[in-house]
Amino acid sequence: MRNTNKALIAQAQACMPGSSNGMRILTARMATASLRPSTSIAKPNSIRLIHTTQSANATPSTSSAATNESPVVDPTTPTPSPRWTPASRRVGLIAKKVGMTTYFAPDGRRLAATVLQVSSNQISAQIGFSAPATTPNGQPISPTKLAARMAYTALQVAATDSYSNRGISKAERGHLQRAGITSDKKILHEFKVTKDAIVPLGTKLSAVHFVPGQKVDAQSKTRGKGFQGVMKRHGFRGLRASHGTSLAHRSHGSTGQNQDPGRVFPGKKMAGRKGGRLSTMQNLEVLRIDTVNDLVIVQGNLPGPEGGHVFLSDAKKALVARASNAFRSGKLPDHQGMATGEEAATAYLPQGVVDLPFPAGTDQMAKGLPQVIEVGPKESS
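Sequential numbering from 1 applies to the sequence shown in the numbering used here.
Derived from the structure by calculation, the hints contain no laboratory data. Mixed in with the good hints there might be a few duds.
Pairs of lysine to aspartate or glutamate residues, derived as DMTMM-like cross-links and limited to a Cα-Cα distance of at most 20 Å, are as follows [unchecked claim]: (1) K317 / E285; (2) K204 / D184; (3) K186 / E172; (4) K378 / E285; (5) K186 / D161; (6) K204 / E172; (7) K274 / E306; (8) K316 / E190; (9) K316 / D196; (10) K316 / E285; (11) K316 / D217; (12) K186 / E306; (13) K378 / D107.
Work out the full structure, taking the sequences as your base and the hints as a guide.
Structure follows, in structure tokens:
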């Protein structure tokens with residue numbers, strides 16, 4: 001595993017614009033394909049700079065053959081809308097943390113980046129049910145409470161091919177085969193989506209699902225630190241070094257009150273196991289996409305060890321919530337003022353969102369794109 005990670009990182013660094021080998025590779029590629037449009041078409045660092053050779057609104061194949069290459073189509077599945085709405089929410093990807101590297105941006109910035117590999121993602125289940133209109137006793141639910149219990153729609157993604165018969169049950173194997181997935185998978189994860197972003201079963205997702213310049217949220221499990229004290233686990237200062245303190249310098253001190261209430265309240269910060277829990281890093285910028293090796297390079301560091309799984313999704317605050325909040329409040333994004341009610345639904349979306357692959361970026365889209373797609377230079381203030 002470590003040798004494979006080093007090879008992927010070395011290949012990613014070899015194509016960096018800052019290296020001589022990278023300049024030679026990029027110069028040869030730019031002679032055959034344009035990686036970035038001109039500034040008159042879209043602003044630099046905009047997520048419009050991606051799909052220049054193929055429409056991002058292309059839909060996945062709808063072949064009815066239940067194979068690994070062609071998705072399975074359920075006749076009851078509604079046809080996904082090819083247009084974005086302020087409430088749209090796409091499926092995410094399951095990636096594997098390869099390691100960290102240094103990324104040199106086209107404008108010369110030196111950034112710390114994490115290399116993620118999208119390991120054979122496929123749609124394994126479509127989950128959707130409506131909120132019940134009555135209570136278990138048969139009483140109708142008020143409209144206020146019914147609106148709070150919104151309909152739930154999600155897509156289950158299976159990732160990381162398993163080349164051993166161990167670690168997967170017959171029930172799991174049959175579940176994957178019904179979705180048209182012939183190879184065993186090591187991990188399943190569920191992403192909440194809207195009804196207009198439903199993807200057919202068996203669809204193979206690719207790294208082109210995300211585009212350089214956009215913001216993503218990354219969720220992964222932190223490194224386990226074992227049983228730790230309060231100073232390391234919670235950042236306590238500890239007790240005094242002298243003046244009566246003996247054998248308790250790193251202790252937390254008193255944990256309770258007097259006879260009333262005479263107990264320790266639940267949730268009190270004490271020593272215990274540290275790490276090994278899910279942690280979310282929000283608003284990470286995608287710096288580069290490798291369509292051949294299915295690599296996604298994001299800015300910054302991510303929790304967890306090398307080889308750990310990372311769940312990537314569109315940034316909840318920067319993309320999803322920003323559009324829905326603008327639509328509910330009637331304010332156009334980018335300080336364009338109040339809406340008049342005559343604008344189209346896409347007017348409430350942040351710049352460049354409509355050019356993202358919708359409802360998902362598949363392996364078929366990746367075949368018509370250059371191998372290297374990276375973010376453009378920052379705008380000068």
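Evaluated hints:
1. A C-alpha spacing of about 13 Å is found between K317 and E285, which places the hinted pair at or below 20 Å, so the restraint holds.
2. Restraint check: the Cα-Cα separation between K204 and D184 comes to about 14 Å, which is no more than 20 Å; the hinted pair holds.
3. Note on K186 and E172: the hinted pairing holds, with a Cα-Cα distance of about 10 Å set against a maximum of 20 Å.
4. A threshold of 20 Å between alpha carbons decides the hint, and for K378 with E285 the separation of about 13 Å falls inside it, so the pair holds.
5. A threshold of 20 Å between alpha carbons decides the hint, and for K186 with D161 the separation of about 6 Å falls inside it, so the pair holds.
6. Pair hint K204 plus E172 holds up; C-alpha atoms about 18 Å apart against a cutoff of 20 Å.
7. Annotation: proposed proximity of K274 to E306 holds, straight-line Cα distance about 19 Å (limit 20 Å).
8. Pair hint K316 plus E190 holds up; C-alpha atoms about 16 Å apart against a cutoff of 20 Å.
9. Among the hinted pairs, K316 with D196 is consistent with the structure: their alpha-carbon atoms are about 17 Å apart, no more than 20 Å.
10. Of the pairs offered as hints, the one joining K316 and E285 holds, with about 13 Å between alpha carbons and a cut-off of 20 Å not exceeded.
11. Annotation: proposed proximity of K316 to D217 holds, straight-line Cα distance about 7 Å (limit 20 Å).
12. Under the criterion of a C-alpha separation no larger than 20 Å, the hint pairing K186 with E306 is consistent with the structure, at around 16 Å.
13. For a cut-off of 20 Å, the pair hint linking K378 to D107 stands: about 7 Å separates their Cα positions.
Violated hints for the displayed structure: none, as all numbered hints are satisfied.
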